[in-house]
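Using the sequences provided together with the hints, build the complete structure.
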Amino acid sequence: MVEAHLSYWEGKYYMYSATWGCGGNIFVYGYVPSDNYPDMPVYPPGDYGADGNCGIKTYSSKDLTNWELVDFYQPDMGVANVTKPLVRYSKANKEYILYMGGDGRRGIYYATSKSPSGPWSNPPGELRGDHLSHDFDVFVGPDDTHYIITDPFLGTIPSADGGLTWDIWVQQLAPDLISTVNTSETITLVRSAKQLFDQNLTLEATGAFYHDGYYYLMFGQTCQNCAGYIYYFYSESPLGPYKDGGYVSRDGCGGQNKGANVLPTPDGGSIVLAGNLGYRTGPDNYAWSDGTQSYVWHGDNHQAASSTYFFPLEFNRDHTLKNYTCPSKVQVPLMGDLKKSPDAPLPYQLDCRVRNWKSIDATYSQPKSGATLEFPVFQRTDNLGPTTNAGPVLNGPLTVTLAYTNGATESFSWAASNISWAPAKISMNTSGKRVSKITLETNATNGCYGTVVQPKQDSRSSYGSTVLGRFVKQQKAELYVYKW
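Per the UniProt record's numbering, the very first residue in the sequence shown carries number 1; after that it's consecutive.
Since the hints were made in silico from the structure, they are not lab data. No experiment lies behind these values; they were computed from the predicted model shown. Don't take each hint at face value.
Below are the DSS-like pairs computed for lysine-lysine, each with C-alpha atoms no more than 25 Å apart in a straight line [unchecked claim]:
1) LYS114 with LYS62
2) LYS476 with LYS358
3) LYS322 with LYS358
4) LYS243 with LYS358
Derived CB-CB ranges, DEER-like [what the hints assert, rightly or not]:
5) PRO119 with LYS91: 17 to 23 Å
6) ASN66 with ALA424: 16 to 22 Å
7) ASP343 with PRO119: 27 to 33 Å
8) ASP458 with LYS358: 37 to 43 Å
Using N, Cα and C, we set each Cβ at its ideal position, and we do this for glycine too.
Spelled out as structure tokens, the structure:
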């Protein structure tokens, strides 16, 4: 789940997430006009969207652990390339508003629905008002007045570390939540890019919220795939003036700040979960220079495989934020009539090692059978540097070969344009035949296909890779199979 945002509506938790399955290169969505970025790639038509327009997925859950996909919103690429979803409710219009970021060249989009699960109006509209582009959040005060915070592209200046610094604006939304009030009394420039530059701050990826009489504006460092700092401002008024709260984390708990999620608690209060887009390192590092300074790029451009993490915020008595502790486990009081906490999911892990010289094999000493075999796969083209990849898709198909106990084999192939960049299920009709081995292979030369593994549960299975006929077993892992 990339850029996921949580809400609680009508007795259920909802997660709204951008999906980069149709093309997960960071520089499709991190594109900055007039900067030194390459042109956005053109993706071949396939099952995962046209030209990198991956869309928004809506999930629902009663326990924040087990999720069900309830809507997939994918407007036409010619209208909007949408990301960064979040949902608010307009009491004036009695409808839910799905806010979405654009492709970096336009503004902020919205769609409406009578239900928090959609379906959402299509095509989306464009939010009306000034200073509406780039990163944003919509926060609500105790009187149900809504405000939007943005760090638009106008006013941008480069910083000393090569990042970008943006103006920060807060303005009040009209009751319909699809336009700003747009008066001098309902808009404020929180900080100019020049002020932030003078403080050596490069801030984006905002999250804003109200808590216990104060309004908070949180930001990540301007570096989308980095373990960057998190900085915040706070005020007793939504339109400021805002004080500098300072840093709550110097490494972002291993990612970039991504929004603030205010959820109700059974005692009538609320908990604030800070979103975090997980930083992914690549298998290779790249040295590069901008002409004045040299850098080493550790990040992986393939952010379709990133995850969103959530950390509860803690407050000091003076209303400042406590520093992040980055816990591996958190407790969230759940709404509803649950009698016990849900079991923690298994720690799944991605394995992208299917190459033209290496296959992945899963064998079963006790064969498996069923009408249909389903498990997730994905693709990743190799990084060629900090802003380029080895093509928008792999240059060869994925082939899955099944060996049956009767000695027969059967192969299934998928074109790269029909393989997601994020893990997504593929399906094979096995007609009840008993499967003893699954092999994933390719002739592609510009990257890898991958799958998902889980901690070993079945002692009669083996999982590993094969190179030149030699099988190397992974002792603690097994292939995650969704359905036999």
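To see whether the hints hold, each was checked on the structure:
1. Proposed proximity of LYS114 and LYS62 is supported: the alpha carbons are some 20 Å apart, at most 25 Å.
2. A hinted pair counts as satisfied when its Cα atoms are at most 25 Å apart, and LYS476 with LYS358 qualifies at roughly 20 Å.
3. Taking the CA atoms of LYS322 and LYS358, the gap is near 48 Å; set against the 25 Å cutoff, the hint is violated.
4. Among the hinted pairs, LYS243 with LYS358 is inconsistent with the structure: their alpha-carbon atoms are about 55 Å apart, more than 25 Å.
5. Between PRO119 and LYS91, the C-beta spacing of about 21 Å keeps the proposed range 17 to 23 Å intact.
6. Remark: the range hint 16 to 22 Å for ASN66 to ALA424 is upheld by a beta-carbon distance near 19 Å.
7. For ASP343 and PRO119, the hinted distance range of 27 to 33 Å is satisfied, since their beta carbons lie about 32 Å from each other.
8. For ASP458 and LYS358, the Cβ-Cβ distance of about 23 Å falls outside the hinted range of 37 to 43 Å, so the restraint is violated.
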